[in-house]
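Chains A and B supply the protein sequences, listed in that same order. Start counting the first sequence at 762; every next residue gets the next number (the numbering used here). Start counting the second sequence at 12; every next residue gets the next number (the numbering used here).
Be careful, since some hints might not be right.
[To be verified] SDA-like, lysine to any residue: derived pairs with alpha carbons at most 20 Å apart:
(1) A:K961 <-> A:N781
(2) B:K216 <-> B:R193
(3) A:K1051 <-> A:E974
(4) B:K105 <-> A:Y769
(5) B:K105 <-> A:E773
(6) B:K105 <-> A:K1051
(7) B:K57 <-> A:E773
(8) A:K1050 <-> B:E84
(9) B:K123 <-> A:T766
Derived by calculation from the structure, the hints in this document are not laboratory data. Model, not experiment: these values are computed from the prediction.
Below are the chains, spelled out letter by letter.
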Amino acid sequence: MKLRTTEYFLRESLVSIGRNSWMASASVGTVAVSLFVLGVFLLLVLNMNRAASIVESQVQIAVYLRDDMDIGAIRWVGSEIQKIDGINSIEFVSKDVAIERLRSRLGDQSYLLDALEENPLPNGFNVTMREARLVPATAEKISKIDGVTEAKYGQDVVENLFDITQMIRVFGLCLMLTLAGATIFIISNTIRLTIFARRKEIAIMKYVGATDEFIRLPFVIQGVILGFIGGMISAIALSYFYSVVSEKIFDSLKFFPLLPQDPYMKFIGILIIVFGMIIGAAGSTISLKKFLEV
Amino acid sequence: MIHMKNVSKAYPNKVIALERVNVDINKGEFVFIVGSSGAGKSTFIKLLLREELPTFGEIEVNGKDVVHMSQSEVPYLRRGLGVIFQDYRLLPDKTVFENVAFAMQVIEAPRKIMQKSVNSVLDIVGLSDRYKDFPDNLSGGEQQRVAIARAIVNDPAIVIADEPTGNLDPDTSWGIMQIFQRINDAGTTIVMATHDKAIVDGMKKRVIEIESGHVIRDQARGYY
Chain A
762 MKLRTTEYFL RESLVSIGRN SWMASASVGT VAVSLFVLGV FLLLVLNMNR
812 AASIVESQVQ IAVYLRDDMD IGAIRWVGSE IQKIDGINSI EFVSKDVAIE
862 RLRSRLGDQS YLLDALEENP LPNGFNVTMR EARLVPATAE KISKIDGVTE
912 AKYGQDVVEN LFDITQMIRV FGLCLMLTLA GATIFIISNT IRLTIFARRK
962 EIAIMKYVGA TDEFIRLPFV IQGVILGFIG GMISAIALSY FYSVVSEKIF
1012 DSLKFFPLLP QDPYMKFIGI LIIVFGMIIG AAGSTISLKK FLEV
Chain B
12 MIHMKNVSKA YPNKVIALER VNVDINKGEF VFIVGSSGAG KSTFIKLLLR
62 EELPTFGEIE VNGKDVVHMS QSEVPYLRRG LGVIFQDYRL LPDKTVFENV
112 AFAMQVIEAP RKIMQKSVNS VLDIVGLSDR YKDFPDNLSG GEQQRVAIAR
162 AIVNDPAIVI ADEPTGNLDP DTSWGIMQIF QRINDAGTTI VMATHDKAIV
212 DGMKKRVIEI ESGHVIRDQA RGYY
């Protein structure tokens, strides 16, 4: 493309924005508000997803062994467990360690254990998996190893947790797709009004032999500029919003694993701006389609 | 230059605008398309511009197969045609110069050539001194002259005009026709749809009459 034509496109886009400044402000406002809502949902979904992943990664399989096993047999069970795919870590917990842990967990009430004549807890292993979804099948496999009496992982809790995290992911994705679609629809309608104001010009361009690309490009650039400005406003607002909200959450729920502002807000900001530009371009392209049919 | 063979056009509402039309127009001819309103003149023009596609038949314009060309080739067909409408279709926020230059700008003509060509066509239509004016400050005849300048600035082989004098008084119309005659004298083919009897009778050019979608008369040096 010639340099002068590029100049023409940029000038036309800016002139058009200037000439329809009200419409341009409306488009920028719509993009900013829509992307802000989209951003809030994105943050919500990412944070819930992160919380879910953290909880999932903490799911352990507690493996209990028969009491009559010697150290060689215990090692053999450990090596058998290690052979299973997807094992993240395996820790041997002797019955002595197990009772000490129980004692410290009971805290003030640890005197209850003093009544016991001998340690009733078995030797065992704590196993964590790389992916939480592997837990049930792995527990099943471990329970079949000779010498293992039980492999427990809190079946009900884990299964419900999987359902909930899966639901959050699917729901979040659907919600964001819907919002993205709605945003494109609103933008294309707003831009349609500016195009409608210039429909005669477009028709004349068609009659004198302008290509569709030549006609489309200034409008697409206009959409991209408006999308960029809207995206910027939304990214700045979102960053401010997240810092305020995360401070509030941190004050009341210290343990909640929020996404850290840096670098996530930078990524989300860039994502929102790029998405704003894409929406602007898509909105212009969609709304121009009808006017190019001359 | 223009070749129509067995061309028929039916619209989706089942109105048959043209039926088995055969017309050949050679380079340098000046042709009037006449007929009453709704006879099919506008459809004839739209088919040449590829604004509409025929239901049947073959159309060749400027050596290009209009019927089978792809959508992306249409702009290049139109670059070889100058189009003029009854309502001028000028851009109100552009000056006379900019309106004419616009036609060159959209086909990405070099700036040096643009300046020269626009001045030259404004001279042909007699508006050299009005280049800074906006269309709203011009009379109907002057606006149509700007539209003519815009139509010929890219040096098209064919000028197609749809009722170009429809909104003008007789004296102004004659002024416009003299410009068309000068363009034709320079070798440009002119196809003009009109129902201005005085002009057709006065010019004594080839006349093609369309009635109810049929060509009922094709006469060299004809009358309305």
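Practice task
Decide if the proposed pair is consistent with the structure: K123 (chain B) and T766 (chain A), CA atoms, cutoff 20 Å inclusive.
Solution key: holds (14 Å)
Practice task
Take the C-alpha atoms of K57 (chain B) and E773 (chain A), compute the straight-line distance between them, and say whether it is at most 20 Å.
Solution key: At roughly 29 Å apart (the allowed maximum being 20 Å), E773 (chain A) and K57 (chain B) break the hint.
Exercise for the section: Starting from K1051 (chain A), check that the Cα of E974 (chain A) is at most 20 Å away, please. Expected result: holds (14 Å)
Problem - Given hint Y769 (chain A) paired with K105 (chain B) - CA-CA distance at most 20 Å - result: holds (15 Å)
Practice task
Sort out whether E84 (chain B) lies within 20 Å of K1050 (chain A), counting only the CA atoms.
Solution key: It holds: about 17 Å lies between the C-alpha atoms, which stays within 20 Å.
Problem - K216 (chain B) paired with R193 (chain B) [C-alpha distance capped at 20 Å] - result: Roughly 14 Å separates the two Cα atoms, so the pair holds.
Problem - Hint consistency between K105 (chain B) and E773 (chain A) [alpha-carbon to alpha-carbon, up to 20 Å] - result: This hinted pair holds, its Cα atoms lying about 13 Å apart.
Practice task
Starting from K105 (chain B), check that the Cα of K1051 (chain A) is at most 20 Å away, please.
Solution key: Status violated; Cα separation ~24 Å.
Handout entry: Distance restraint between K961 (chain A) and N781 (chain A), which requires alpha-carbon spacing of 20 Å or less
Key = Holds: K961 (chain A) and N781 (chain A) sit about 16 Å apart, inside 20 Å.
Taken one by one, the earlier hints fail for this structure at numbers 6 and 7, listed in ascending order.
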